[in-house]
Structure formats: structure tokens, C-alpha cells
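Protein chains: 2
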Amino acid sequence: MRRYCLVARIRPDRAEEYRARHAAVWPEMLQALHESGWRRYSLFLAPDGLLVGYVESEDLDAAQRAMAATAVNARWQAQMAEFFVSDDARPDEQFVRLDEVFDLADQREKAGLT
Amino acid sequence: MRRYCLVARIRPDRAEEYRARHAAVWPEMLQALHESGWRRYSLFLAPDGLLVGYVESEDLDAAQRAMAATAVNARWQAQMAEFFVSDDARPDEQFVRLDEVFDLADQREKAGLT
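Residue numbers (our numbering), protein chains in the order written: chain A, 1 to 114; chain B, 1 to 114.
Warning: the hint list may mix true and false statements.
When chains are identical, the list treats them as one kind, so a pair holds in a single copy or across two.
To be verified - Mimicking SDA-like on lysine to any residue, the simulated pairs with C-alpha atoms at most 25 Å apart in a straight line are:
1) K110 - E56
2) K110 - R40
3) K110 - H34
4) K110 - S57
5) K110 - L98
Just so you know, the hints here were simulated from the structure itself, not pulled from any lab data. None of these values were measured; they are calculated from a predicted model.
Make the full structure from the sequences, and use the hints.
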């Protein structure tokens, strides 16, 4: 399982509504994420609109493709678009992946620590 | 175990050196983090210097206090200070916590999905 960090920007004036919508994501969406290979997926939000996603997956490219192919994702992203700073793309296409530069468990294993 | 997201900013012109330093963190530092209650701790870096930390802990306040009390952390943070945008505080005091707005596993459990 690999670890991934994704960042995007939502409109700060819509942050509270974004938060409320994410407190009760459609069960069909939760199921599609799971079946598409998303694990330990969490979203975090800063007051300025910075949105950070953390997710683990065997292969996030494949998990994103699988999710993009579902009908429920298209419906969800259409409703989320208005919260994002850019209107140029679907929200799920606006997330930028960051590089992992440190992982405690990996380095403990390499260092022979248990 | 709770999930936390922390963000800070490092100098973009020092990003490659920051990355190199974090590819081989001192074993004593790895051990102190573990003993202080840091779990699944990863750092991710954007080209513009945005630094994102993901960590799980029973209580991150307590884990941060325990870490701050170690001698190895003081040595490490003194060496890291020059990479951060602000010189006003130790790097480990510059991280801002973001609010979690979504967690897949939590919501799947609440929705009765297995």
C-alpha cells in the first residue's frame, strides 16, 4: 500500500458548506471509493481554503481511473464544482499530488528499529 | 487513534536539500518520535514549499509535548530552522493543524458499510 497526499483549493466563503456536505457523503459514493481501491482516505481543510487529502492505495492512478468511471462520482463532482476556486475542471481533476519526503515507519524499518 | 494534518512552509530554493535531509533522518529522532506516540507519520512537499504532515496519534498534543521535551528534537529542529520560511519559531512550532472534514473509514462505519 502506498501513501499519497493531494491538495486543492476551495472558496473560503464556501468552506462551511463544503464541510457540512462532507460530514455526510452519500453511501453510494463511500462504496464506490472503497471498491475503486481508496483506503484511509481523509480530507482536511484550512481556513484559507487549502484542502488536503491523504489516501493510501495500491495504485492511486488506477484508483482514480476506477472512480472517474463511476456514475456516482460524476454526480458528486458536479455538485462539488461550485466549491472549488477553479471552474475549469472537475474537482477530482484539480487535486495536485505532492511528493512524499519522509515516512516514519519506512525509515524505522530501514534503520532496523522495531 | 486520531488522524491529524499539519502544514508549514519551507523555502522553495531549499526544497531539494530539505528532501535529502529527510531521506535519512537520524535513528535517534525516529525512535523519539515513536516513543512520543507518533504513528503513520509522513511528510509531503510541494514545489512551492508547502509542507504537509500526516500523522496518527492517540493524542497529538501529548505526542508533541513529549517530543519537544527530548534533546534530540532540539538538535534536529535547530538544524531544520534554516529551511523554513519563518525564522520566528522552531520548525516544529510552525506547523498549523487543519481540521478533518471527511474520513472514508469513519463514514463507512456510520453508514453500516463493511
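Within, between, both or neither: how does the pair K110, E56 come out at a Cα-Cα threshold of 25 Å? both (20 Å within a copy, 20 Å between copies)
Are the CA atoms of K110 and L98 at most 25 Å apart within a copy, between copies, both, or neither? within (23 Å within a copy, 30 Å between copies)
Homomeric proximity label, K110 with H34: Cα distance no greater than 25 Å: between (30 Å within a copy, 14 Å between copies)
Is it within a copy, between copies, both, or neither that the alpha carbon of K110 lies no farther than 25 Å from that of S57? both (21 Å within a copy, 22 Å between copies)
Up to 25 Å between alpha-carbons, please classify K110 paired with R40: within, between, both or neither. Cα proximity of K110 and R40: in one copy and across copies (24 Å, 15 Å).
Comparing the model with each numbered hint stated earlier shows that all of them hold.
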